[in-house]
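Fit chain B with the ligands to the supplied structure of chain A, relying on the hints for placement.
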Amino acid sequence: MKAIEVKNLKKTFDNTQAVQGISFDITQGQIFSLLGPNGAGKTTTISILSTLLKPDSGSVTLMGYDLKQETSKAKACLGVVPQDIALYEDLTAAENLNFWGKMYGLRGNLLKKRIQVVLEMIGLDDRKNERVGKYSGGMKRRVNIGVALLHNPKILFMDEPTVGIDPQSRRHILDSIKLLNQQGMTVLYTTHYMEEAQELSDQIAIMDKGRIIAMGTQAELIKIVGQSDRLTIEIDKDHSQIMDLWQSVPGVQKISGVNGSLDLLAEDSNQVLPRLFEIAAVNNTRITAINIQEPNLEAVFLHLTGKALRD
Amino acid sequence: MNRIFDITLNDLRQLLRDRQTFLFLLLMPIAFTLLFGLAFGSFNKPEANADTRPIVVFNNQDDGNLGNQLADIFSGSNLIQIKTEQNQNQTELESLVKNDSVAAVVTVPTGYTASLKSDQPIVLELLIKQNNNHAYLIETEVKKLSNRMVQSTKISHTLVRLIPGLSFEENLNKINKAWRNPPIVISSQIVPNQQNNSNGMSAAQTAPGMMLQFSLAGLLTAGQMIVNERKSRVFQRLLTTATSQYHILFGHYFAILALVFVQFVILILFGQFIMGLDYLNQALPTFLLTLACAMCIAAIGLLIGMLAKSDDQAIIFALIPMFIFSGLGGAWMPLEFTGKTFQTIGHLSPVAWGMDGFKSILNANTGLETIWLPVIVLFGYGVLFFLAAAFTLKTKQN
Ligand SMILES: Nc1ncnc2c1ncn2[C@@H]1O[C@H](COP(=O)(O)OP(=O)(O)OP(=O)(O)O)[C@@H](O)[C@H]1O
Ligand SMILES: [Mg+2]
Numbered sequence: 001m002k003a004i005e006v007k008n009l010k011k012t013f014d015n016t017q018a019v020q021g022i023s024f025d026i027t028q029g030q031i032f033s034l035l036g037p038n039g040a041g042k043t044t045t046i047s048i049l050s051t052l053l054k055p056d057s058g059s060v061t062l063m064g065y066d067l068k069q070e071t072s073k074a075k076a077c078l079g080v081v082p083q084d085i086a087l088y089e090d091l092t093a094a095e096n097l098n099f100w101g102k103m104y105g106l107r108g109n110l111l112k113k114r115i116q117v118v119l120e121m122i123g124l125d126d127r128k129n130e131r132v133g134k135y136s137g138g139m140k141r142r143v144n145i146g147v148a149l150l151h152n153p154k155i156l157f158m159d160e161p162t163v164g165i166d167p168q169s170r171r172h173i174l175d176s177i178k179l180l181n182q183q184g185m186t187v188l189y190t191t192h193y194m195e196e197a198q199e200l201s202d203q204i205a206i207m208d209k210g211r212i213i214a215m216g217t218q219a220e221l222i223k224i225v226g227q228s229d230r231l232t233i234e235i236d237k238d239h240s241q242i243m244d245l246w247q248s249v250p251g252v253q254k255i256s257g258v259n260g261s262l263d264l265l266a267e268d269s270n271q272v273l274p275r276l277f278e279i280a281a282v283n284n285t286r287i288t289a290i291n292i293q294e295p296n297l298e299a300v301f302l303h304l305t306g307k308a309l310r311d
Numbered sequence: 001m002n003r004i005f006d007i008t009l010n011d012l013r014q015l016l017r018d019r020q021t022f023l024f025l026l027l028m029p030i031a032f033t034l035l036f037g038l039a040f041g042s043f044n045k046p047e048a049n050a051d052t053r054p055i056v057v058f059n060n061q062d063d064g065n066l067g068n069q070l071a072d073i074f075s076g077s078n079l080i081q082i083k084t085e086q087n088q089n090q091t092e093l094e095s096l097v098k099n100d101s102v103a104a105v106v107t108v109p110t111g112y113t114a115s116l117k118s119d120q121p122i123v124l125e126l127l128i129k130q131n132n133n134h135a136y137l138i139e140t141e142v143k144k145l146s147n148r149m150v151q152s153t154k155i156s157h158t159l160v161r162l163i164p165g166l167s168f169e170e171n172l173n174k175i176n177k178a179w180r181n182p183p184i185v186i187s188s189q190i191v192p193n194q195q196n197n198s199n200g201m202s203a204a205q206t207a208p209g210m211m212l213q214f215s216l217a218g219l220l221t222a223g224q225m226i227v228n229e230r231k232s233r234v235f236q237r238l239l240t241t242a243t244s245q246y247h248i249l250f251g252h253y254f255a256i257l258a259l260v261f262v263q264f265v266i267l268i269l270f271g272q273f274i275m276g277l278d279y280l281n282q283a284l285p286t287f288l289l290t291l292a293c294a295m296c297i298a299a300i301g302l303l304i305g306m307l308a309k310s311d312d313q314a315i316i317f318a319l320i321p322m323f324i325f326s327g328l329g330g331a332w333m334p335l336e337f338t339g340k341t342f343q344t345i346g347h348l349s350p351v352a353w354g355m356d357g358f359k360s361i362l363n364a365n366t367g368l369e370t371i372w373l374p375v376i377v378l379f380g381y382g383v384l385f386f387l388a389a390a391f392t393l394k395t396k397q398n
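Sequence order for the protein chains is A and B.
Quick note on our numbering: the first sequence kicks off at 1 and runs consecutively.
Quick note on our numbering: the second sequence kicks off at 1 and runs consecutively.
In isolation and in its complexed conformation, chain A is listed as follows:
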């Protein structure tokens, strides 16, 4: 079943075309990332999907509910983690969770139980009675996420939840997302960090200037570029003899060498490496070091737009 279906969404601010007709589906239980640079239209898209902005045109369904016609049913399936921290700074973490839980319609014992679960998940149970205003950036981010999890939503929107925080908090957040996803939550994640999109996503849409310029699994996206793996191999002999032999291995596209170090481009390093080892062994050549660089989304973005993902 499709958790989210977006068709031909458009939104123009005064003279900025923030979103220019984007469509995508997300299968239930998947993590879907919108990857794009600043101003790509990620937040605008999420705002439309969470009813904060009215689109100029296009349609959205969440868990089968039309966002326009069945707004409250659609909203009920939804947890939103906004890009900016949206918490009451004068209240403690526990008070914030208590208030937001009520806004999500939770009461009494159920609310208490959920607050406890969330506090443990975000790792702040021992500091729940401190004012949010006094927390570090990373801790605020975690509470910001926790609020969206209180009612255990079927769908979670996360708008750049790891911006500007320490590596430890980031690790914690990424692991929590994976855990929630394993429990069946569908996640729509936006980021301009390629590594995060790669680590988390089942599907990735690359956005730029209000359009989705490519969409698919990581492997599919990389195939668009058709770029090969880059192998750097060091051997204990002169490179010239083995270079000629390796060149004829199927899958090797390009080879060059200097002083016992060879540079290869290959379609798939997994396929060619066994053959390379075999030939080296037959010729009494020892391989002393290998470095494999797989093509990444950065390269895809560069290929499609002619500019780097991060300025």
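One or more of the hints may lead you astray.
With a cut-off of at most 16 angstroms between alpha-carbon atoms, the simulated EDC-like pairs for lysine to aspartate or glutamate come out as follows [what the hints assert, rightly or not]:
1. B:Lys231 to A:Asp84
2. B:Lys117 to B:Glu170
3. B:Lys231 to A:Asp90
Source of the hints: derived by calculation from the structure; they are not laboratory data.
Chain B with the ligands in isolation, oriented as in the chain A frame:
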């Protein structure tokens, strides 16, 4: 509904955590009331049981007998003291008012009886100094009493038409007698007034003035809270839950209302027990007026919260209405001291209506009649400001 009160409680929790709030809401107005009070020496305890009803000359020029009946009606008033007068000329009467020997002169014009009998009542002339503290009270009372006569003649006319043989005069007499001995008596004691200083800055002026002014000043904390909520995206986040704009609007409104109302209650109790003012003798009017003031002022607070773009703007947006409304509305200086034009302009300010109401409660033993107008006007202003806040929010959303 639950959602609204959750928001209200959440607001109050935040506001009460802030020391600044206490300072603005309670300490400042008390300090200022005392300061003004001492400066103008208005804490003289009133003499007990003295008749301090304003004196109104009843100048009867009527050539028929209904003028005398009206005099009877007037002399039954609890609020004004009547001196009957027939032989003084207009200039003499005017000078009586001018030099404050009497508060006002009501003139029953010639032909009063005839016009009433022909069912075309004519208006009484009221001569009063514009800066008289009791002007509002006297006007209301004169209107009420003369209306009673008009009603009586109307009823009498109708009865005469329905039942042939009845005499109009006799009938009218009976009706007016009945008015004076109503089957239900609403009795209230006459409470002595505060003695007014020559400059009119009595505690009955200062205390409500400071109360109204500082309830407006207190709005800056509430306004700031709402602005911060909007700025911090908490507001947007609320809208992604099942919470609607109206929940948010009413939730905040009730929080400010509760705050302002409690502020009023505390200051009224302070006035009552520390300053010797008497609000509580008129408990119901005081309650209604306080509620109406709080409703109006809370709506202004809501509007400030929706209009301001930043913390600093919220402060400015709260202080501007505080100065304009308080100044115009006579919180600093009684409006009665100003000219007619300024009084009319002043009544554009809700504070003027609050002042009218509180002064008539404190200056005399009025009952509901003299405060219903301020209450309705304040309520109307409240609705207006609330709608403006809702409209601002709607336009900002998208
Ligand atoms: N309320 C608004 N009014 C006018 N223009 C806006 C508004 N919101 C967004 N924009 C414009 O729309 C475009 C897309 O903005 P959006 O916030 O969706 O980008 P984003 O992908 O989330 O960027 P970032 O990574 O910086 O968060 C930008 O050019 C932005 O300036
Ligand atoms: Mg964004």
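Comparing the hints with the structure gives:
{"no.": "1", "hint": "B:Lys231 to A:Asp84", "in the structure": "10 angstroms, holds"}
{"no.": "2", "hint": "B:Lys117 to B:Glu170", "in the structure": "13 angstroms, holds"}
{"no.": "3", "hint": "B:Lys231 to A:Asp90", "in the structure": "15 angstroms, holds"}
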